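Kindly produce the complete structure, drawing on both the sequences and the hints.
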Amino acid sequence: MICKNDPATEFGDKLTHIAAALRMITGLLLSGSVIAAMAQRPDPKDWPAYSGTDNGQRYSPLKQITTANANRLQAKWVYHVDGASGMEQTPVVMNGTMYISQFNRVDAIDARTGNIIWKYERPPASASPQRGTVVYNDKVYMVTSDSHLVTLDARNGGVRWEVKSEGGYVFSGAAPIIARGKVIVSGNRPDGFVQAFDAETGKYAWSWIAVPKSGEPGAETWGGAKPEGGPMWMSGSYDPESNLLYYGTGQPNPQWTGFERLGDNLYTECIVAINADTGKLAWYFQNTPHDTHDWDSTETLVLVDAIFKGQARKLLLQANRNGFYYVLDRTNGEFLLGTPFVSKVDWADGLDSKGRPIVIPGHDPSVRGTTTCPSTAGATNWPAPTYSPDTKYFYVTVAEGCGINFITSSTAPNAGTGYIETSNAPWQAYVRALDATTGKKVWEYKPVRSNHYGPGLLSTAGGIVFTPEQFGQVTALDAKSGKPLWHFNTGDLITASPITYSVDGEQFFAIASGTNVFAFGLQGVSP
Amino acid sequence: MNRALAIAALLLTCAVGSIFAQRGGTVNPFQGNAGAVHDGEGLYSQHCTGCHGPDGSAGEIGPAIVSGERTDFGAADAQVFNTIKNGVPGTPMSPQKLSDEEIWKITAYIHALRGTAIDNPLPGEVAHGEQIFWGKGQCGNCHMLGGKGGLTAPDLNNIAGTRKASTIVDALTKEQHREYASGGAHLKSLPPMGSYLPVHVTTADGKVINGILLNQDGYSLQVIGNDQRLRSFDRAKLRRVDIEPKSLMPTDYDKRLTSGEFKDLLAFLTRQGTKPPSPASGGPLRGDDQ
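Protein sequence lines, in the order shown, are assigned to chains A and B.
As numbered in my numbering, residues 1 to 527 make up the first sequence, in order.
As numbered in my numbering, residues 528 to 817 make up the second sequence, in order.
For the record, the hints were derived by calculation from the structure and aren't laboratory data.
Note that the coordinates shown come from a computational prediction; the quantities given were computed from them, not determined experimentally.
Treat each hint with caution, since some may be false.
[Stated by the list, open to error] Within a straight-line C-alpha distance of at most 35 Å, the following computed DSBU-like cross-link-like pairs (lysine-lysine) qualify: (1) A:K119 to B:K782; (2) B:K675 to B:K802; (3) B:K764 to A:K139; (4) B:K624 to A:K119; (5) B:K802 to B:K663; (6) B:K612 to A:K139; (7) B:K790 to B:K773; (8) A:K344 to A:K309; (9) B:K802 to B:K782; (10) A:K119 to B:K790; (11) B:K612 to A:K119; (12) B:K701 to A:K119; (13) A:K203 to B:K675; (14) A:K441 to A:K354; (15) B:K764 to B:K663; (16) A:K213 to A:K314; (17) A:K309 to A:K213; (18) A:K139 to B:K675; (19) B:K773 to A:K139; (20) A:K164 to B:K802; (21) A:K139 to B:K734; (22) A:K139 to B:K790; (23) A:K119 to B:K663.
Here it is in structure tokens:
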């Protein structure tokens, strides 16, 4: 045993070798092209970030589990996260270790067996869910409830550095992402923002704020009101080729009354492209100008290279909470297509040639209540969609239904509000496969009883769409037909999105359900 | 001169203390005041030890009021003050007939008892202690600190933020030591294994992998190899597993180092960490609006 016999020599020598090897690897990693390639295409056995890859596709090339053998899936292990509630996080996996996070806490477990390896907790103890971490170059990056970015050594949970968010901005629970050696984190307060920090040292690099200051471009779209809002509470996507980050922004404030902020209210309810080196806005596309329904445009942005109308294009896809499915050119933000993906969208009569909604008046919230379809909960929401390059379908959890929005006063700004389900159109969730370049529905799967969005989706090269349901079922669907192949009841509400990974050649699916993380694999592959 | 200054400082502290107490303030005026902590210890021995034990780890009548885990801090200083002053109705904990100043001093002592090493770091030459850590003490061969060192023992980056100074001393000097007040408790969650026992794994083809056991169950082992690689083994595929009964951590540092070196090492170790935010500075928080 090296520590016992002669620690000073043998162990020291080994460490020197390891350190030299690490330096070499780090040197390689620091060349931009290698980083870009690594970031875009991690080893398929790993799931290092919220969406798996930077492109938001939540697709895995793993294909041990296929449509032919999915009926042999079984639960392999369950890990209980004590003190948690309603976990929303996507676990991340690197080299056989899984990292499960809550605010102020990370549990590292053996991804093959579910056995704990280390646990990191930082006061104040918090049971609040957040959406996950990212692991990169032997480090795990997490956000805390008091708005710090903490970097842990992925191997033993030791703190390497921690920094507070810059300028009084407060991080949300979105999982950080990595772009060209920077950690990118976002948040809501006091207004939507993105901040970048050096991934090695934690040095602050830049901020992008979702609403303009007085005199800045976009300030003229607020009718003289102070621009406020644009919360950014979901992870962005990243294209290493163009070095652009893509993020969605939330609603303008006041949230439910628009009469004091006449205009489009830039850059709220937008898809924005931000240069990862400088933090400068490259382009924006506004889904819902002058929103009064809290339809945050924060839904996952999916980057796809595909043939669109006969031409090879770099696309950005989004199923938006406002009911429209969007296809943009991600190099410049050009609007290519927009079409409803739920049966009833009554607030706009389609989109014009630039993608601007042709608004049907009379849908603003009112004291007596105004019915609008989709509801404020949205045609979809934060549950992850997935895109399969095999089927070329965009899979998304949708909620059919309308809502009634109330305000407590028609004259007071920032009046109180509420929204309810309409009694004549009860909400129902579906999983839908859309043709990615036309938005046309190919098939749908109805999770019985689920009346609300909740869990997200995952697609694989094995032809599976892994589909958790709001009320605890997980189902493997045939990606081509939507036919269920296998199911399992996890026994708790699911509000998280699934992942897949492999350890020693065995493929797993994993999902957080309530206070537990479940892992599934094929019967007979490994005990 | 010094004596006069000290008296002046004491008088001022007392005056401030009584103002806070009179206002029912929530800040302990004696927080971190070594003299007050000393006075508090005397008062504690007189009034509290009988029920709560000499070190706050429970007695025959009263519950433990000190825990080894930093995150277990139940009550803020103001709550401790109120409990001592007003008692807990329906229990043997009666209101204590003490002045506010005396109660704040006891509170300061309890706070110090609860604090980890970073609150009460031990004296010595810190820079020399760091040399001992990486040099003669050979601590870095197995432990990691600031991203340097080995992976076959716990990371010590926040050791002073999570352990008491006395626990750190015990770990370096006693074969049988345990984390303060954490033994025998009903666990609320799955802890990491924490024993870091050497393990020798023989695979089916006869290859031997030596390392440290991080976790195990009847079917698998989680091992950090001496090559610093983390491995998960399926027991069914192994020929043999040998786990040594004792960790490689030497427990004679008070003998293998000179007393000066040992003192300086402790001064260094009891400063490795960060003070956690006070309970009032942040609570559970939901990070977004959906």
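Verification of the supplied hints:
Among the hinted pairs, K119 of chain A with K782 of chain B is consistent with the structure: their alpha-carbon atoms are about 33 Å apart, no more than 35 Å. Proposed proximity of K675 of chain B and K802 of chain B is supported: the alpha carbons are some 22 Å apart, at most 35 Å. Among the hinted pairs, K764 of chain B with K139 of chain A is consistent with the structure: their alpha-carbon atoms are about 31 Å apart, no more than 35 Å. Of the pairs offered as hints, the one joining K624 of chain B and K119 of chain A is violated, with about 44 Å between alpha carbons and a cut-off of 35 Å exceeded.
In summary, the hint linking K802 of chain B to K663 of chain B is supported, as the alpha carbons are separated by about 28 Å, within the 35 Å threshold. About 48 Å separates the Cα atoms of K612 of chain B and K139 of chain A, which puts this hinted pair outside 35 Å; it is violated. Pair hint K790 of chain B plus K773 of chain B holds up; C-alpha atoms about 26 Å apart against a cutoff of 35 Å. Annotation: proposed proximity of K344 of chain A to K309 of chain A holds, straight-line Cα distance about 26 Å (limit 35 Å).
Taking the CA atoms of K802 of chain B and K782 of chain B, the gap is near 31 Å; set against the 35 Å cutoff, the hint holds. Straight-line distance between C-alpha atoms of K119 of chain A and K790 of chain B comes to about 30 Å, which keeps the hinted pair within the 35 Å bound. Taking the CA atoms of K612 of chain B and K119 of chain A, the gap is near 38 Å; set against the 35 Å cutoff, the hint is violated. For the suggested pair K701 of chain B and K119 of chain A, the alpha carbons sit about 25 Å apart, so the restraint of at most 35 Å is met.
Between K203 of chain A and K675 of chain B the alpha-carbon distance is near 20 Å, which keeps this suggested pair within the 35 Å criterion. The suggested pairing of K441 of chain A with K354 of chain A holds, with an alpha-carbon distance near 23 Å, which does not exceed 35 Å. Of the pairs offered as hints, the one joining K764 of chain B and K663 of chain B is violated, with about 41 Å between alpha carbons and a cut-off of 35 Å exceeded. Restraint check for K213 of chain A and K314 of chain A: satisfied, since their Cα atoms lie roughly 32 Å apart, inside the 35 Å limit.
As the CA atoms of K309 of chain A and K213 of chain A are separated by approximately 40 Å, the hinted pair breaks the 35 Å bound. Distance hint between K139 of chain A and K675 of chain B is fulfilled; the C-alpha atoms sit about 14 Å from each other, no more than 35 Å. In summary, the hint linking K773 of chain B to K139 of chain A is supported, as the alpha carbons are separated by about 30 Å, within the 35 Å threshold. Straight-line distance between C-alpha atoms of K164 of chain A and K802 of chain B comes to about 15 Å, which keeps the hinted pair within the 35 Å bound.
In summary, the hint linking K139 of chain A to K734 of chain B is supported, as the alpha carbons are separated by about 31 Å, within the 35 Å threshold. The suggested pairing of K139 of chain A with K790 of chain B holds, with an alpha-carbon distance near 33 Å, which does not exceed 35 Å. Simply put, K119 of chain A and K663 of chain B have alpha-carbon atoms about 30 Å apart, close enough for the 35 Å limit, and the pair holds.
Of the hints listed earlier, those the structure fails to meet are numbers 4, 6, 11, 15, 17, in rising order.
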